[in-house]
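Engineer: Chain residues, written in single-letter form:
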Amino acid sequence: MSSTRQPHISKIESKTIMDLMANNRRLDDRTPTDYRELKIEVGKIEKANGSAKVHLGKTKVLVGVKVELGDPFPDTPEEGILTVNAELVPLASPSFEPGPPDENSIELARVVDRGIRESKAIDLKKLCIEPGKKVFVVFIDVYVLDHDGNLIDASALGALSAITTAKMRDYEIKDGELIYKEGLIPLPIQNYPIAITMGKIGNSIVIDPSLKEEQVMSARLTVTVEKDGDICAMQMAGLGELAIDELKKAVGMAVAKAGEMRAKVLEAAK
Amino acid sequence: MLNQSKPDKLIDDRGLRVDGRRPDEIRPVKMEVGVLDKADGSAYIEQGKNKILVAIYGPREAHPRHVALPDRAAIRCRYHMAPFSTDERRSPAPSRRDMELSKVIREAVEPAIFSKYYPRTTIDIFIEVLQSDGGTRSAGITGTSLALADAGVPMKDLVVACAAGKIDGQIVVDLCDAEDKLGEADLPVAIIPSSGAVTLIQMDGNLSPEEFEKALSMAVNGCKHLYEMQREALKRKYLLIKEAVEEKMDVKEGE
Numbered sequence: 001m002s003s004t005r006q007p008h009i010s011k012i013e014s015k016t017i018m019d020l021m022a023n024n025r026r027l028d029d030r031t032p033t034d035y036r037e038l039k040i041e042v043g044k045i046e047k048a049n050g051s052a053k054v055h056l057g058k059t060k061v062l063v064g065v066k067v068e069l070g071d072p073f074p075d076t077p078e079e080g081i082l083t084v085n086a087e088l089v090p091l092a093s094p095s096f097e098p099g100p101p102d103e104n105s106i107e108l109a110r111v112v113d114r115g116i117r118e119s120k121a122i123d124l125k126k127l128c129i130e131p132g133k134k135v136f137v138v139f140i141d142v143y144v145l146d147h148d149g150n151l152i153d154a155s156a157l158g159a160l161s162a163i164t165t166a167k168m169r170d171y172e173i174k175d176g177e178l179i180y181k182e183g184l185i186p187l188p189i190q191n192y193p194i195a196i197t198m199g200k201i202g203n204s205i206v207i208d209p210s211l212k213e214e215q216v217m218s219a220r221l222t223v224t225v226e227k228d229g230d231i232c233a234m235q236m237a238g239l240g241e242l243a244i245d246e247l248k249k250a251v252g253m254a255v256a257k258a259g260e261m262r263a264k265v266l267e268a269a270k
Numbered sequence: 001m002l003n004q005s006k007p008d009k010l011i012d013d014r015g016l017r018v019d020g021r022r023p024d025e026i027r028p029v030k031m032e033v034g035v036l037d038k039a040d041g042s043a044y045i046e047q048g049k050n051k052i053l054v055a056i057y058g059p060r061e062a063h064p065r066h067v068a069l070p071d072r073a074a075i076r077c078r079y080h081m082a083p084f085s086t087d088e089r090r091s092p093a094p095s096r097r098d099m100e101l102s103k104v105i106r107e108a109v110e111p112a113i114f115s116k117y118y119p120r121t122t123i124d125i126f127i128e129v130l131q132s133d134g135g136t137r138s139a140g141i142t143g144t145s146l147a148l149a150d151a152g153v154p155m156k157d158l159v160v161a162c163a164a165g166k167i168d169g170q171i172v173v174d175l176c177d178a179e180d181k182l183g184e185a186d187l188p189v190a191i192i193p194s195s196g197a198v199t200l201i202q203m204d205g206n207l208s209p210e211e212f213e214k215a216l217s218m219a220v221n222g223c224k225h226l227y228e229m230q231r232e233a234l235k236r237k238y239l240l241i242k243e244a245v246e247e248k249m250d251v252k253e254g255e
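Going line by line, the protein sequences match chains A and B.
Residues in the first sequence are numbered from 1 upward in steps of one, following the numbering used here.
Residues in the second sequence are numbered from 1 upward in steps of one, following the numbering used here.
Quick caveat, the hints were computed from the structure, so don't treat them as lab data.
Note that the coordinates shown come from a computational prediction; the quantities given were computed from them, not determined experimentally.
Some hints could be false.
Straight-line C-alpha distance at most 16 Å; calculated EDC-like pairs for lysine to aspartate or glutamate [claimed, not checked]: (1) A:K249 <-> B:E210; (2) B:K214 <-> A:D245; (3) A:K47 <-> A:D141.
From the derived model, a few chain B residues whose C-beta atoms are all more than 10 Å from chain A [as the list claims (entries may be wrong)]: (4) R14; (5) G20; (6) R65; (7) E110; (8) Q131.
To be clear about the criterion: a stretch of chain A counts as covered by chain B if any three or more of its residues have a C-beta under 8 Å from a C-beta of chain B, and this derived list gives those stretches [to be verified]: (9) 102-114; (10) 241-251.
Note that the Cβ used here is the ideal one computed from N, Cα and C, for glycine as well.
With the rest of the complex left out, here is chain A (with noise of 0.2 Å):
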């Protein structure tokens, strides 16, 4: 079991942040609803059938694809299977440690992959070779390289950029047998969900908190957003409380912001 730990930060720096925070200015000269620098980098690692590198700020999360065979699930006879998992290795953070995953990657992994399946941003459908028997498994896996915070955002951008970009083998299924053909064919994608995270500071909601912003943010929160504007997925964590009026506030700024994030992914698939 584990207990949710305050994070260290000098009394100076928390109070910089809240001062500034109080006249809606950030340390790094953003407003309130800005993302610090976004660079996608798609296709980098080979072997995977599709990967994507984030750097969002000095945070960078590798997100690498793999298309396998498997065993559908009893109760999902006729769909392909996804799977995600976030590993927080221990070169990005000194917080970070070697282990089993802590609840921490666990939660990352759920937010991201809640995102992915709920927006059914993959057709899984698609994705079985011969119902109750053989299906192909989407494996996203989350590569956290350096923590300078907000992993949720990050993660979910590269994990989108990396299916969006995915190339798998040509394939057709003659009497429920599986013949690969030549030639690559991308993923079935049909929707693009955007997670949009925010934390509350003093009494203000940033988005795309940094790591010394989510040292002194109370409360944080993730608002999928679909690509027809509707809300997949939500998750609030951390010790503080959100009033309703905040709640709705942050709701919105997810929804209006989802758009222009949403173009850079595609622009970097491209």
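Here the structure of chain A is known, so what remains is to put chain B in place on it, guided by the hints.
Structural biologist: This is chain B only, laid out in the frame that chain A set:
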């Protein structure tokens, strides 16, 4: 209820749900505190077919010692489902879902606890789902704050949770298992009723921003309803103790 078949419609022509409820109606709820002898505080909650037992141990000496925090109690939580609690037997080993729920439940109740009163100690929350019927995290939170109150842990207020969601295109409160699995969205919400602050919100499925606001207000209304029942359950325990004491005194006077 084993091997129940899949209903075609989740809301029938009369506007009633699979278990006969109206959209804004929560399931029958039973709450009881002080149900375990050895725990410092405990509670039992039934909500629909959910049957959940919660025990609190602490504030107690932190063990192992390195988990202790210098300025407040370390609050830990284990949410666990019994192997026989679901249609298919589940492994008793903690799943990734259990790990995530343990975290969100802990973070939902912690803002209400005056943990600074007990530095270097732990407060351990053990939630055992004996039978699950959808909405176990919400019922678990409602039961946890009852058990914390029963343990005498100082809190700002009770924390209470309730879900809302969307089934057959309609927003409804307190989803049961079938509605959770076959419906279009689930939105569990925990609040501290005295301030109205939200301490947990999660969502999966599909909601437009307007539907979200409607579901949120329905979940909050459900919370307020459950909050009254929590208060009653706590009072009931002490009324029973009072009655027992008075009875004893009557016997003595009659001697």
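Engineer: Compare the structure with each hint and give your call.
Structural biologist: Hints versus structure:
Distance check on the hinted pair: K249 of chain A and E210 of chain B sit about 13 Å apart at the alpha-carbon level, within 16 Å; holds. Distance restraint check for K214 of chain B and D245 of chain A: the Cα-Cα separation of roughly 13 Å lies within the 16 Å cut-off, and the hinted pair is therefore satisfied. For the suggested pair K47 of chain A and D141 of chain A, the alpha carbons sit about 13 Å apart, so the restraint of at most 16 Å is met. No beta-carbon of chain A is positioned within 10 Å of the beta-carbon of R14 of chain B; the least distance is around 29 Å.
No beta-carbon of chain A comes within 10 Å of the beta-carbon of G20 of chain B; the shortest separation is about 26 Å. Taking the minimum C-beta to C-beta distance to chain A, about 13 Å, the non-interface status of R65 of chain B holds against the 10 Å cut. With a closest Cβ-Cβ approach of about 5 Å to chain A, E110 of chain B is found to fall inside the 10 Å limit, against its non-interface label. The claim that Q131 of chain B lies off the interface holds: its Cβ sits roughly 19 Å from the closest Cβ of chain A, which is beyond the 10 Å cut-off.
Coverage of a stretch by a chain is defined here by at least three residues with a beta carbon nearer than 8 Å to that chain's beta carbons; for the segment 102-114 of chain A and chain B the count is 6, and the condition holds. A count of 7 residues in the segment 241-251 of chain A with a Cβ less than 8 Å from any Cβ of chain B is obtained; the coverage claim is therefore met, three being the minimum.
When the structure is compared with the earlier hints, a violation turns up for hint 7 alone.
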